[in-house]
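Protein chains: 4
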Amino acid sequence: MAAHTPASKPLDVARIEALIDARFPQIHAGGRSLVVEEVGARSARVRLKHHDRYNRPGGTLSGPAMFTLADFAVYVAIIAALGEPGLEAVTTNLNINFLAKPEPRDLIASVRLIRLGRRLAVGEAELVSEGALHMSAHAIATYALPSER
Amino acid sequence: MAAHTPASKPLDVARIEALIDARFPQIHAGGRSLVVEEVGARSARVRLKHHDRYNRPGGTLSGPAMFTLADFAVYVAIIAALGEPGLEAVTTNLNINFLAKPEPRDLIASVRLIRLGRRLAVGEAELVSEGALHMSAHAIATYALPSER
Amino acid sequence: MAAHTPASKPLDVARIEALIDARFPQIHAGGRSLVVEEVGARSARVRLKHHDRYNRPGGTLSGPAMFTLADFAVYVAIIAALGEPGLEAVTTNLNINFLAKPEPRDLIASVRLIRLGRRLAVGEAELVSEGALHMSAHAIATYALPSER
Amino acid sequence: MAAHTPASKPLDVARIEALIDARFPQIHAGGRSLVVEEVGARSARVRLKHHDRYNRPGGTLSGPAMFTLADFAVYVAIIAALGEPGLEAVTTNLNINFLAKPEPRDLIASVRLIRLGRRLAVGEAELVSEGALHMSAHAIATYALPSER
Chain B
6 MAAHTPASKP
16 LDVARIEALI
26 DARFPQIHAG
36 GRSLVVEEVG
46 ARSARVRLKH
56 HDRYNRPGGT
66 LSGPAMFTLA
76 DFAVYVAIIA
86 ALGEPGLEAV
96 TTNLNINFLA
106 KPEPRDLIAS
116 VRLIRLGRRL
126 AVGEAELVSE
136 GALHMSAHAI
146 ATYALPSER
Chain P
6 MAAHTPASKP
16 LDVARIEALI
26 DARFPQIHAG
36 GRSLVVEEVG
46 ARSARVRLKH
56 HDRYNRPGGT
66 LSGPAMFTLA
76 DFAVYVAIIA
86 ALGEPGLEAV
96 TTNLNINFLA
106 KPEPRDLIAS
116 VRLIRLGRRL
126 AVGEAELVSE
136 GALHMSAHAI
146 ATYALPSER
Chain Z
6 MAAHTPASKP
16 LDVARIEALI
26 DARFPQIHAG
36 GRSLVVEEVG
46 ARSARVRLKH
56 HDRYNRPGGT
66 LSGPAMFTLA
76 DFAVYVAIIA
86 ALGEPGLEAV
96 TTNLNINFLA
106 KPEPRDLIAS
116 VRLIRLGRRL
126 AVGEAELVSE
136 GALHMSAHAI
146 ATYALPSER
Chain V
6 MAAHTPASKP
16 LDVARIEALI
26 DARFPQIHAG
36 GRSLVVEEVG
46 ARSARVRLKH
56 HDRYNRPGGT
66 LSGPAMFTLA
76 DFAVYVAIIA
86 ALGEPGLEAV
96 TTNLNINFLA
106 KPEPRDLIAS
116 VRLIRLGRRL
126 AVGEAELVSE
136 GALHMSAHAI
146 ATYALPSER
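Residue numbers (the working numbering), protein chains in the order written: chain B, 6 to 154; chain P, 6 to 154; chain Z, 6 to 154; chain V, 6 to 154.
Hints are computed from structural coordinates only; laboratory data are not their basis. Please note: incorrect hints may appear among the correct ones.
A pair counts as met if it fits within one copy or between any two copies, since identical chains are not told apart.
Straight line, CA to CA, 20 Å or less: simulated SDA-like cross-link-like pairs of lysine to any residue [stated by the list, open to error]:
(1) Lys106 / Ala94
(2) Lys106 / Glu93
(3) Lys106 / Gly136
(4) Lys54 / Pro69
(5) Lys106 / His139
(6) Lys54 / Gly136
(7) Lys54 / Ile32
Note that this is a predicted model, so its numbers are computed, not measured.
Isolated chain B, as found in the complex (with noise of 0.2 Å):
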């Protein structure tokens, strides 16, 4: 792969949730639920903060909920590696692994990417929710990069 260019200015957190908010506003319908609590080159870190909306029986959280912050996670990682431009991505395939009922409590969604290309960016996350030791769930996204960059 093309080694990729950094994005000239970083984007901090603050930056990258605006324009994410400016873009999909509808995405915090009923109540900001996703926040950005950290960025790195190739790296993010995204809490899904608990709400009674996402509860199942036994109150744990369900499975589109825990898809969305996937996938939200890994696109936050690629706007925070190629800047603004990166909002242009898009999800191109989520492979989605459930593997433990998560607590009834914020889920914590890292994310590294480990494909950076000029065309494909491919983001691993792993869930968990906060306190616990192990995943809740482990997914990995394929997303298409604008062409133009």
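Keeping the supplied structure of chain B fixed, place chains P, Z and V upon it in accordance with the hints.
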């Protein structure tokens, strides 16, 4: 795989919807969007009604909405095949490919179960915008089946 | 997705096999087992002839043999659709579900391309033992397409 | 997931290789290429020795060779964790992402088991060319575990 015993009293669409509603009341938070249209011995068809909250820039459906539809539709097919015991099935893996931007219209998921074993069920879901000829997304979901049956 | 321009001079089975053989002579190491039976505008059918070296205890086919068949069959469908430029396509992702033990007989892969964009192609492969009614495996392969076409 | 009982008498590398060889003698057809280097309670490292038959144009490794390594390495980790009963485990799903062209050198798979339940095990495999810093491929394999344990 051991041949699976069909539900002794097949569930019709109304009964399936009632069972799922009772178990997962929060699924329809914000308005009933997921409508079971038809079920068969190893198949199901479910409609996701178009709603503003699923919109993205350009009016297309969101990834999480499509994930939810695919996951839910396979679950419906499992309940149709197994009867009430199928309610205990839980998703272990879901792989979804986003193939083409969906139209700002209802999205129809057509599911066929490609494996129905003693412990695992695998369903394939094709998601097509109403009236379109091509798929917007394609998913394969694996469910772990309850042990006592 | 931009509509894809069909190959100006469609390739027939013999030509496709010759092109692949020239590019990947080692594919048939140990004896020609992969036979292209039929190709269409967005489809292909490929046979993996049964051979002792694929046997596992109980006489069934190995996972790697089934992976190879699925990957190869999707590649064939891409070349059938794009002509010689398709030879440059490379697999970026393959998801395979093993559904039922295959029989100790030839295995047939039926492929349809469910996406054929400018940069990515996605093919679905159903693997069925000759004479069987059910699938032994199901795979979805994503290929990155060459840029100059 | 129910905590899994570790093997009462942990198997070392030599014993694991001997058990697999006895069960799958054809794995090493053409020469022993898969070498178990290390195992842990929930991990394994396996080397695929470079060999001409895996070469592709440009000297890189083939997709099937990488699939085989990932699948085998996760299997090894399962046997290391479960002891001899693990030999009965069978792959139900494998998702592999090809990230970067591998070098014409040995390829090392590092596996960690991210789920070890009563019925399913899920292993993550990172494939890195010897001496390289980045992954050539990343895979997640799900295995169905034997019922009597």
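We went through each hint and held it up to the structure:
1. Lys106 / Ala94: between (30 Å within a copy, 13 Å between copies)
2. Lys106 / Glu93: Answer is between: at 14 Å across copies they meet the 20 Å cutoff, but 33 Å inside does not.
3. Lys106 / Gly136: within (14 Å within a copy, 38 Å between copies)
4. Lys54 / Pro69: Both ways: Lys54 and Pro69 sit 14 Å apart in one copy and 17 Å across, limit 20 Å.
5. Lys106 / His139: within (10 Å within a copy, 32 Å between copies)
6. Lys54 / Gly136: Classified as within: same-chain Cα gap 13 Å, cross-chain 38 Å, threshold 20 Å.
7. Lys54 / Ile32: Result: close both inside a copy and across copies, 14 Å intra and 18 Å inter.
Against the hints set out earlier in the document, no violation occurs for any number.
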